[in-house]
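Note that the protein sequences, when read in sequence, are chains Y and X. Residues in the first sequence are numbered consecutively from 1, following my numbering. Residues in the second sequence are numbered consecutively from 1, following my numbering.
It should be emphasised that the hints constitute simulated quantities derived from the structure, not laboratory data. Hints may be right or wrong, so weigh each one.
Facing chain X, a subset of chain Y residues (Cβ under 8 Å, in silico) [to be verified]:
| no. | residue |
| --- | --- |
| 1 | L44 |
| 2 | T45 |
| 3 | C49 |
| 4 | I89 |
| 5 | R91 |
| 6 | R99 |
Quick list of simulated restraints, FRET-style, between CB atoms [unchecked claim]:
| no. | chain 1 | residue 1 | chain 2 | residue 2 | range |
| --- | --- | --- | --- | --- | --- |
| 7 | X | K46 | Y | T4 | 52 to 58 Å |
| 8 | X | G47 | Y | Q31 | 23 to 29 Å |
| 9 | Y | G56 | X | T64 | 34 to 40 Å |
| 10 | X | A45 | Y | G86 | 24 to 30 Å |
| 11 | Y | A12 | X | R34 | 55 to 61 Å |
| 12 | Y | C93 | X | D26 | 30 to 36 Å |
| 13 | X | N54 | Y | P61 | 45 to 51 Å |
| 14 | X | K46 | Y | C93 | 35 to 41 Å |
Here a beta-carbon is modelled for each residue, glycine too, at the ideal position from N, C-alpha and C.
Chain by chain, the residues run as shown.
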Amino acid sequence: MSITLSWLFIVAALSPLVWILLLPHIKRWSQAERRAESLLHAVLTPEQCHQLRWCGYLEVPSPSAAGRVYRVPRARGSFVQVIENGKAIMRLCVQPVERLPDADVVVLHKLMIEANEEHYLQNANKFLCIDQMSLLL
Amino acid sequence: MGMLRVMSRRGDDRVTWDKQKVSAGDPEAVAAIREAERIFAQERAKGATAFRMNPGKPAERIETFDETAEQIVLVPRVVGG
Chain Y
1 MSITLSWLFI VAALSPLVWI LLLPHIKRWS QAERRAESLL HAVLTPEQCH QLRWCGYLEV
61 PSPSAAGRVY RVPRARGSFV QVIENGKAIM RLCVQPVERL PDADVVVLHK LMIEANEEHY
121 LQNANKFLCI DQMSLLL
Chain X
1 MGMLRVMSRR GDDRVTWDKQ KVSAGDPEAV AAIREAERIF AQERAKGATA FRMNPGKPAE
61 RIETFDETAE QIVLVPRVVG G
């Protein structure tokens, strides 16, 4: 009896972890995610696809400021980092009004930065990085 | 072929049209392009941003429907999170 209870306890403890590990794969199987993935691959170069897969983010150079790069995360709910000359200066929180598959969100950020940067920055909530804040104080 | 892709929770909804058939006046192709124009206007009115994508060129924001584009992507309005 106690062994059964122990096993039940172990299974109950591990199931959220298993779910967290499997969730990205389950999402990828859904039709919406597959369609979004196809658009993502149509928009990105092979090098950018590789970066997104292995680093978990996509770096989009600013069309207006040399030395500025936007680091767009793959994971939903993360901030877009603004990096200038190799230093993180700001984090941006921008999201679509409609819920989109994760791959579409990456495409959205890339298109907005490349072709509509001013509007993108106007809409974003900005959080200065600590180094920059100490400079302001 | 031209394609309009509208981002949504379903991935993206697509409308395609054959440019050659459109210029030849094919009724089905003309209907497809009219449908694409209607969806474009409807989504723009909701605040969506449109980008023209042509192979080998950077994406370009557009305000009006371009039937000569290879691909148009409509993304929903964005807000600060």
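So, as I understand it, the hint says T45(Y) touches chain X; can you test that by seeing if any CB pair is closer than 8 Å? violated (11 Å)
For the hint on I89(Y), does the least C-beta distance to chain X fall short of 8 Å? violated (18 Å)
Restraint: R99(Y) near chain X, CB-CB cut 8 Å. Satisfied or not? holds (5 Å)
Supplied distance hint 45 to 51 Å, evaluated on CB atoms of N54(X) and P61(Y): violated (20 Å)
Does the hinted range 55 to 61 Å hold for A12(Y) and R34(X) at CB? Taking Cβ atoms as reference, A12(Y) and R34(X) lie about 57 Å apart, which means the hint holds.
Hint validation: L44(Y) versus chain X, beta carbon distance must be below 8 Å. Holds or violated? For L44(Y), the interface hint is violated, since the closest Cβ of chain X sits about 12 Å away, which is over 8 Å.
Falls inside 23 to 29 Å, the C-beta gap from G47(X) to Q31(Y)? Holds, since G47(X) and Q31(Y) (Cβ atoms, about 26 Å apart) stay within the stated range.
Does the interface hint hold: is R91(Y) within less than 8 Å of chain X, judged Cβ to Cβ? violated (11 Å)
The hint says 35 to 41 Å between K46(X) and C93(Y); measuring C-beta to C-beta, is that right? violated (22 Å)
Holds or violated: the 30 to 36 Å window for the beta-carbon distance between C93(Y) and D26(X)? violated (47 Å)
Mind checking the hinted window 24 to 30 Å against the Cβ distance between A45(X) and G86(Y)? Roughly 42 Å apart at Cβ, these two residues miss the hinted range, so it is violated.
Grab the minimum C-beta distance from C49(Y) to chain X and call the hint holds if it beats 8 Å, violated otherwise. violated (16 Å)
Violation of the numbered hints given earlier is confined to hints 1, 2, 3, 4, 5, 10, 12, 13 and 14; the remaining hints are satisfied by the structure.
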